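The sequence shown lines up with residues -31 to -1, 1 to 245 when you count with mature numbering (1 follows the signal peptide of the UniProt record, and there is no 0).
Think of the hints as simulated: they come from the structure by calculation, not from any bench.
As the structure is a computational prediction, the values presented were derived from the model and not from experiment.
Treat the hints loosely; a few may be bogus.
[Unchecked claim] Below 30 Å or equal to it, Euclidean Cα-Cα: the simulated DSSO-like pairs (lysine-lysine) are:
id: 1; residue 1: K22; residue 2: K152
id: 2; residue 1: K83; residue 2: K32
id: 3; residue 1: K156; residue 2: K142
id: 4; residue 1: K199; residue 2: K212
id: 5; residue 1: K83; residue 2: K142
id: 6; residue 1: K142; residue 2: K212
id: 7; residue 1: K199; residue 2: K142
id: 8; residue 1: K83; residue 2: K199
id: 9; residue 1: K32; residue 2: K199
id: 10; residue 1: K152; residue 2: K142
id: 11; residue 1: K212; residue 2: K152
id: 12; residue 1: K32; residue 2: K22
id: 13; residue 1: K156; residue 2: K212
id: 14; residue 1: K156; residue 2: K22
id: 15; residue 1: K22; residue 2: K212
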Amino acid sequence: MSTSARRLLLLAGAAAAIALLLSATAPVAGAEDDGYSYIPGSPRGPQNWGSLKPEWATCSSGKMQSPINLGLLDLTLAPGLGNLNYTYQNANASVVNRGHDIMVRFDGDAGSLKINGTAYQLRQMHWHTPSEHTIDGRRYDMELHMVHLNAQNQAAVIGILYTIGTRDEFLQKLEPYIIEISKQEGKERVIIGGADPNVAKGQDTVYYRYMGSFTTPPCTEGVIWTVVRKVRTVSLSQITLLKAAVLTGNENNARPLQGVNNREIDLFLPLPLINN
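Given these sequences and hints, build the entire structure.
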């Protein structure tokens, strides 16, 4: 990893339930009333986020924006990054409908991720369908973001990609709560028994690392991104549930790819994999 990159790092039964959900939901406001939207070409769509509010200008002017394509030719092998250093635990949590996505907010201590000796506390998790990051140009069916903050409110996000297949265990526990808050922006439900981030994170060791931004307004830069290389599975009904729960127009809540702009993208491989 280059010296400049190190400095940056330092600084910085469901189908039936879904049918019931869709039939029972009262009319609600659409994404255009939600401050910003994901509708291509719309006045509040991604291409216009930077002009909607002065404090969102970075969405248009920023040079370190996310998401990006994680392309093979752009990668630098970085064995010095080491294995991900995280300690998660079950914690009190709530499922929240933010209109543009479904979020799990941790109301208790869910653990932390350590980067260069700095602890980043896990604060929330949310989903994008389809994925926001791509790998070698391929976009996946879903992406989970695990958002962490340190004591200075600097952010580190872990991104996990999914393809359609078997059900995701973490989402499966949340399905009844998501149904309850469907199409109701601001609604939330306490998760009985709490939520365990370890179920969502898994034990994957290969990951990408780069400096980027939040993928929603105000698109704040200086975010340390870690995108796990192993692709997990989620069922089609679970993706349908997430899409049905957000406000109309946010079903495909993935920001378009942003320019890499000569940023360094590191790839960590454990030594046995490098040697092979």
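How the hints compare with the structure:
For the proposed pair K22 and K152, the alpha carbon gap of about 25 Å is at most 30 Å, so the pair holds. Distance check on the hinted pair: K83 and K32 sit about 26 Å apart at the alpha-carbon level, within 30 Å; holds. Our distance criterion of 30 Å between C-alpha atoms is met by K156 and K142, whose separation comes to about 18 Å. Distance check on the hinted pair: K199 and K212 sit about 23 Å apart at the alpha-carbon level, within 30 Å; holds.
At most 30 Å may separate the alpha-carbon atoms for a hinted pair to count; K83 and K142 meet this at roughly 27 Å. Restraint check for K142 and K212: satisfied, since their Cα atoms lie roughly 17 Å apart, inside the 30 Å limit. Between K199 and K142 the CA atoms are separated by roughly 22 Å; this keeps the pair inside 30 Å, and the hint holds. Taken as a hint, the K83 and K199 pair is honoured in the structure, with Cα atoms around 20 Å apart against an allowance of 30 Å.
Straight-line distance between C-alpha atoms of K32 and K199 comes to about 28 Å, which keeps the hinted pair within the 30 Å bound. Between the alpha carbons of K152 and K142 the distance comes to roughly 19 Å, so the proposed pair stays at or under 30 Å and holds. At most 30 Å may separate the alpha-carbon atoms for a hinted pair to count; K212 and K152 meet this at roughly 10 Å. Proposed proximity of K32 and K22 is supported: the alpha carbons are some 18 Å apart, at most 30 Å.
With a CA separation close to 16 Å, the supplied pair K156 and K212 stays within the 30 Å bound. Taking the CA atoms of K156 and K22, the gap is near 25 Å; set against the 30 Å cutoff, the hint holds. With a C-alpha separation of about 27 Å, the suggested pairing of K22 with K212 holds against the 30 Å cut-off.
In terms of the numbered hints stated before, the structure departs from none.
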